[in-house]
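**Q** Spelled out, the chains give:
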Amino acid sequence: MDDPLMLARVQFALTAGTHFLFVALTLGLATLVALTQTRATLSGSAVAERMTRFWGQLYVINYAVGIVTGLVMEFQFGLNWSGMSRVVGEVIGAPLAMETVVAFFVESTFLGLWIFGWDRLNRWVHLGLIWVVAATAYFSAYFILVANGFLQRPVGFTMVDGQARLTDLGALLTNPTALLAFGHVVFGGLLTAGFFMAAVSGYHLFRRTAEADLFRRSMRTGLVAVVVSVMPVAAFGGMQYAYIQPTKHPGAQESAAQVAQFEARFGPGDYTPPGLATAGEVLMEVAWSLMFFLAFAMLVKLPFGRWLERGRVFHVLMMAALPLPYVAMISGWVFREVGRQPWMVYGVLKTEDALSDVGAGAVAVSFTVFTVLFAALVVVNVWLLARFARRGPEAVRLGAPGAPEPERPALTPTF
Amino acid sequence: MQTLALVVLAVLTAGYLVLAGADIGMGMLLPVLGRDGRERRLVIAAFAPFFLANEVWLVAVAGVVAGAFPGLEHALLSGLFPVFVALVAGWVVRDAGLWLRGRVDAAAWRAVCDGAIVAGSWALALSWGAVLGTVLVGGSRVEDGVNAGTVLGLPLALVFAAHGAGFARWRLASGLAERARRVPGRYWVSGAALAALPVAAGARLPWSQVVSSPEALAVTAVMCVLMVPLLAAAQALVWWTFRGRAESPGYL
Chain A
1 MDDPLMLARV QFALTAGTHF LFVALTLGLA TLVALTQTRA TLSGSAVAER MTRFWGQLYV
61 INYAVGIVTG LVMEFQFGLN WSGMSRVVGE VIGAPLAMET VVAFFVESTF LGLWIFGWDR
121 LNRWVHLGLI WVVAATAYFS AYFILVANGF LQRPVGFTMV DGQARLTDLG ALLTNPTALL
181 AFGHVVFGGL LTAGFFMAAV SGYHLFRRTA EADLFRRSMR TGLVAVVVSV MPVAAFGGMQ
241 YAYIQPTKHP GAQESAAQVA QFEARFGPGD YTPPGLATAG EVLMEVAWSL MFFLAFAMLV
301 KLPFGRWLER GRVFHVLMMA ALPLPYVAMI SGWVFREVGR QPWMVYGVLK TEDALSDVGA
361 GAVAVSFTVF TVLFAALVVV NVWLLARFAR RGPEAVRLGA PGAPEPERPA LTPTF
Chain W
1 MQTLALVVLA VLTAGYLVLA GADIGMGMLL PVLGRDGRER RLVIAAFAPF FLANEVWLVA
61 VAGVVAGAFP GLEHALLSGL FPVFVALVAG WVVRDAGLWL RGRVDAAAWR AVCDGAIVAG
121 SWALALSWGA VLGTVLVGGS RVEDGVNAGT VLGLPLALVF AAHGAGFARW RLASGLAERA
181 RRVPGRYWVS GAALAALPVA AGARLPWSQV VSSPEALAVT AVMCVLMVPL LAAAQALVWW
241 TFRGRAESPG YL
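So the sequences go chain by chain: A and W.
Just so you know, we're using full-length UniProt numbering here: the first sequence kicks off at 1 and counts up by one.
Just so you know, we're using full-length UniProt numbering here: the second sequence kicks off at 1 and counts up by one.
It should be emphasised that the hints constitute simulated quantities derived from the structure, not laboratory data.
In this text, a Cβ means the ideal position worked out from N, Cα and C, and glycines have one as well.
Heads up, a few of these hints could be off.
Between beta-carbon pairs, the in silico distance windows are [said to hold, decoys possible]:
1. W:Glu143 <-> A:Ala242: 23 to 33 Å
2. W:Gln2 <-> A:Gly17: 29 to 39 Å
3. A:Ala375 <-> W:Arg245: 34 to 44 Å
Here chain A is said to cover these stretches of chain W; the calculated rule only asks that three of the stretch's residues, wherever they fall, bring their Cβ under 8 Å from a Cβ of chain A [to be verified]:
4. 189 to 199
5. 240 to 250
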């Protein structure tokens, strides 16, 4: 692994892939937590309030990984991929600036208020906070997909002296590869959160823990989320094929024509993506088909509330199905991103030309530092998610500050 | 438009250093302010409600640089590659320590997390000091990498610590606040220094060479001018909500 291009690519793939897996759950779960808290606030129901805190706790644990991987990703653009900022910097800089200032800034500030201000704020204000957090999370996803959509299908710019100049902001913001991918990710996030809720609830119902009522309701919420999103996620995915890069499917007639055109413009070279892209496509479709059949079973179960508490085969099935949305997410993303290679910006900038000239040693150091950090962080957080999910609502500290500290009973000032 | 974008960038950068400088500084002083596990949890409860709302200012800085001055990102990050790797790694380690500390009830776990918070905070402060020092001395030659100014990292890191102590005087529980008073530091003095530093360093950078085209610049500048009052209001809401002393342990 002494090839800096490969190292930088693998590093970005690991960072972005990890980010994406955790963020998918963040997006969907924020929405489900906001809905649950709305129910709790409107009805004053104690069980809905405990549901909010339980799922909110898992949401916050999950969020921590999403935020740190996101931060590192933003710096990786400048650290490893300075060629990108040199050539298309101002075009993708615009949506990235909007993402940070309009979306992420508000999301993170309000999330801090929601977490730490639980008992200090008026309950309607507190409810408003989680809705702002959920809404800005979607804004954030949209702006990032505008930047990513530009890499897939560059629009709204002209090349001046080897640099892309933004000429049409509207075209950039309404790029179909951004809008359709946004729809795809919105429902993909809901689908992930739905399967996540169903799996955790299935565990508690299967084990017949004390929280049958809470987890029957949670199971229902999860199943509804899955049933609602399983078709739209495929529809938004399928519509994107209308704008797909011709070389994404090597062997197709359009692909050969496009390769010939690239060779005429940029000289001879390999303009077809690695086989990994097609493997991603197949795996994504298999995972989706399995989820689609499960959604059928859910649809049959949903009208019968009490039946959700029994049906132990179904509980096991729900636990076993947890990896499916994640497999679909990551393989779909491999299809989209690996399928764009060898281009960073399709037909404009090659990935190899976007690499920083910082030297192989520096790239290797940054690769090692962040890969080790993230591996540790992911392992710890997955373990924590499983642990807090297993322990159930009794172990939740979110919204219950001042939990007793076992080390010493009271603060005694020593001066 | 370029001036407008520069003013926005100066406000956001100064805002980041003044606001986040306080929670970074308190993280640096964690072993001094809190002598045992329980005290350290109280110290963390004093700044934890702020750290999310503070670090987003830096994310906004990165966004505005990407949108308005894309050339700078390249010059700064490639020139100071090792310093920025240390900065981002320190940031991740500090945040991970904060998030994870309260999740497992074991003394060894808390000790590791406390270590991560302290080490990460020092790494952040030292790298920020090094970045600011390098730009102050190197100016437009920052692309050449580290220079004599990089060693300013150490004295500048101490400004962060003093700033943290100043913030701790207001926020810590009454008993612990006494301890913060033994560390020299006034929030407004160190805050003024942290706000002036990026302006002085920024004045040495060749902005007109790294600016984006008028169209892209206008998009970013106008959006920021509309948003900054809102962002300041959100920050004010945070300060108002957590205005009292942190007398009892918090969520983290």
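**Q** Looking back at the hints listed earlier, which ones does the structure fail to meet?
**A** Hints 1 and 4 not satisfied by this model.
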